[in-house]
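Please build the complete structure, drawing on both the sequences and the hints.
Chains S and Y are the protein sequences, given in the same order.
For the first sequence, the numbering used here begins at 122 and goes up steadily by one.
For the second sequence, the numbering used here begins at 21 and goes up steadily by one.
Calculated from the structure, these hints are not laboratory results.
Check before you lean on any hint, since a few could be wrong.
What the hints assert, rightly or not - Coverage of chain S stretches by chain Y, computed from C-beta distances (three or more under 8 Å per stretch; other residues unrestricted):
| id | segment |
| --- | --- |
| 1 | 139 to 146 |
| 2 | 203 to 214 |
What the hints assert, rightly or not - On the chain Y side, residues computed to face chain S include the following (Cβ under 7 Å):
| id | residue |
| --- | --- |
| 3 | D41 |
| 4 | F42 |
| 5 | E239 |
| 6 | V263 |
| 7 | E267 |
| 8 | N268 |
| 9 | P269 |
| 10 | T279 |
| 11 | G280 |
| 12 | R281 |
Nothing here was measured: the structure is a model prediction, and the numbers come from that model.
Quick reminder that beta carbons are idealized off the backbone N, C-alpha and C, glycines included.
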Amino acid sequence: MNSSPHILRDFDQAISSLKGEVLAMAAHTRLNLERAIRALMERNVELANSVIADDDEVDEAERVIDQLGMDILVKYHPMATDLRLVVSSMKISMNLERMSDHAVNIAKRAKKISNAPELSEVNLIEPLYTLADHLLRDAISSYSDGNGSLGASLHTRDKELDKMHKQTTAHFASRIEETQGRCQEYLHLIFIVRSLERVGDLSANIGEDAVYLEHAKDLRHKSKLEREMVEEG
Amino acid sequence: MPVSSQVHEKTPRPDFIRVEDFSFHYGEKQAIFGIDMAIPENEITALIGPSGCGKSTLLRNMNRMNDLIDGVRHEGDIRLDGVSLYDPSVEVISLRKRVGMVFQKYNPFAKSIYENVVFSLRVAGRNGKKELDETVERSLRDAALWDEVKDRLHDSAFGLSGGQQQRLCIARAIANRPEILLMDEPCAALDPLATLKIEELITTLKNRYTIVIVTHNMEQATRCSDRTAFLYMGKLIEYGKTVQVFENPKEEKTESYITGRFS
Numbered sequence: 122m123n124s125s126p127h128i129l130r131d132f133d134q135a136i137s138s139l140k141g142e143v144l145a146m147a148a149h150t151r152l153n154l155e156r157a158i159r160a161l162m163e164r165n166v167e168l169a170n171s172v173i174a175d176d177d178e179v180d181e182a183e184r185v186i187d188q189l190g191m192d193i194l195v196k197y198h199p200m201a202t203d204l205r206l207v208v209s210s211m212k213i214s215m216n217l218e219r220m221s222d223h224a225v226n227i228a229k230r231a232k233k234i235s236n237a238p239e240l241s242e243v244n245l246i247e248p249l250y251t252l253a254d255h256l257l258r259d260a261i262s263s264y265s266d267g268n269g270s271l272g273a274s275l276h277t278r279d280k281e282l283d284k285m286h287k288q289t290t291a292h293f294a295s296r297i298e299e300t301q302g303r304c305q306e307y308l309h310l311i312f313i314v315r316s317l318e319r320v321g322d323l324s325a326n327i328g329e330d331a332v333y334l335e336h337a338k339d340l341r342h343k344s345k346l347e348r349e350m351v352e353e354g
Numbered sequence: 021m022p023v024s025s026q027v028h029e030k031t032p033r034p035d036f037i038r039v040e041d042f043s044f045h046y047g048e049k050q051a052i053f054g055i056d057m058a059i060p061e062n063e064i065t066a067l068i069g070p071s072g073c074g075k076s077t078l079l080r081n082m083n084r085m086n087d088l089i090d091g092v093r094h095e096g097d098i099r100l101d102g103v104s105l106y107d108p109s110v111e112v113i114s115l116r117k118r119v120g121m122v123f124q125k126y127n128p129f130a131k132s133i134y135e136n137v138v139f140s141l142r143v144a145g146r147n148g149k150k151e152l153d154e155t156v157e158r159s160l161r162d163a164a165l166w167d168e169v170k171d172r173l174h175d176s177a178f179g180l181s182g183g184q185q186q187r188l189c190i191a192r193a194i195a196n197r198p199e200i201l202l203m204d205e206p207c208a209a210l211d212p213l214a215t216l217k218i219e220e221l222i223t224t225l226k227n228r229y230t231i232v233i234v235t236h237n238m239e240q241a242t243r244c245s246d247r248t249a250f251l252y253m254g255k256l257i258e259y260g261k262t263v264q265v266f267e268n269p270k271e272e273k274t275e276s277y278i279t280g281r282f283s
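Right under this line is the structure:
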């Protein structure tokens, strides 16, 4: 990526505020997810409520990023890396907004679970969350550092989360059959696991946007071999 | 048979204009350093680069316009459909019939619209009214100007707007049915709407002509060219499909130039 200053200083400023807004939105989304999971683990209804309330800020961030991106396109007609940065920033903010919606879903279900008697199997969620959070963290780094190889690796790593999703869902489903009385709570847990699995998918999407940003390559729906070639640089 | 359908039947030649290790000197000063590039037939090729990079010099060599300047010399070659422009059998006058040129500042002659278009025919001694009338209508239609001027063909060319005068110059350049049109910043003196009309015209002309355009306007290069060559300090830095050059240039210098980070 070209790091020399642009002849128009306003342009550099506009690009860095766009990137700054995306990173702030990403940090906010990651925090919302972390708090939603904590609300679930700690049975903290107040914390879950604040996650639900804070989602408005993430929605607003998406609008701001779209507007900044459009302003840059209209005013400066960016080319090459600059053009790719604007396009990928707008796409990434859309993925982040969806992730924050999943945090809200988790928070809403955490509230319901908290109102029922304690369920020790809530702990099974933690490893899925840890992996989803690492995928999200690395997706954000791949964008902020322009690291296409890291971005391309997320698709493969997301497969592990998919596997865990399948296993955990099967476990909760079997528990529904075994313990008829806790059906509601296990269903909530199944949907929470589903949300975490989606966070992994959306992180992999962001990784693909980072590949586009660095290499102008579109990895969506591409073969394993093509992905590996980008991963290996 | 109309000219356009004749062209559609043959396969465009990928190296219709071939620049081979071409260098050019104005006296002591070397303006172009060993450029190699193949310009395909029936495509629009844009030459971009900062002032003094050699893009106009290269363009003007494609119909030997620079021969008129004292103390110039070249090395290497430029071939048109395989034949060197510098081959002793090539007459400069017939070369310029094959390679028309349009300049930055529209420059119609102080004559009527009609006489501007048929000027080259009259110089060649072709004065038959039927041929002249047909040439005027065909050229003005091809230059997307016919409907605007058909009722005042014998009025002075200077009465036209800037954009119309430039389209008249394009009509004049294609009156002799050249194979190649060279355009040196054809929209530099025009307002945005007149510019878009010329760009639309250029796009429609490429079915019949091979077009090479020098432009400082990168949006123009992206809008209307198929290939873009970036020149810097007399060297060809990058040459490729326009979308690739502007979306993902291979060379860092190209990236710096097109993103405005050039010092």
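Worksheet item: Against chain S, is G280/Y within 7 Å by beta-carbon distance?
Response: The hint holds - G280/Y has a Cβ within 7 Å of chain S, the shortest such distance being about 5 Å.
Worksheet item: In terms of beta carbon proximity below 8 Å, does the segment 203 to 214 of chain S have 3 or more residues touching chain Y?
Response: holds (count 3)
Practice prompt. Against chain S, run the beta carbon of E267/Y and see if the smallest gap drops under 7 Å.
Written response: holds, 6 Å
Fill in: Interface restraint verdict for D41/Y against chain S (beta-carbon cut-off 7 Å)
With Cβ-Cβ at 29 Å, over 7 Å, it is violated.
Worksheet item: Does the nearest C-beta of chain S fall within a distance shorter than 7 Å of the C-beta of F42/Y?
Response: Result: violated, 27 Å to nearest chain S Cβ.
Discussion item. Restraint: R281/Y near chain S, CB-CB cut 7 Å. Satisfied or not?
Written reply: holds, 4 Å
Worksheet entry | Interface hint compliance - T279/Y to chain S, C-beta minimum distance less than 7 Å | holds, 5 Å
Discussion item. Please check whether N268/Y passes as an interface residue: C-beta within 7 Å of a C-beta belonging to chain S.
Written reply: holds, 3 Å
Fill in: chain S contact restraint on E239/Y - CB to CB distance below 7 Å
holds, 6 Å
Discussion item. Interface hint check: P269/Y, Cβ to nearest Cβ on chain S, cutoff 7 Å. Holds or violated?
Written reply: holds, 6 Å
Fill in: Check of the segment 139 to 146 of chain S against chain Y for coverage (Cβ-Cβ below 8 Å, three residues minimum)
violated (count 0)
Fill in: Agreement of hint V263/Y with chain S interface, Cβ distance less than 7 Å
At 10 Å from the nearest chain S Cβ, V263/Y fails the 7 Å test, so the hint is violated.
Checked against the numbered hints given earlier, the structure breaks hints 1, 3, 4 and 6 and satisfies all the rest.
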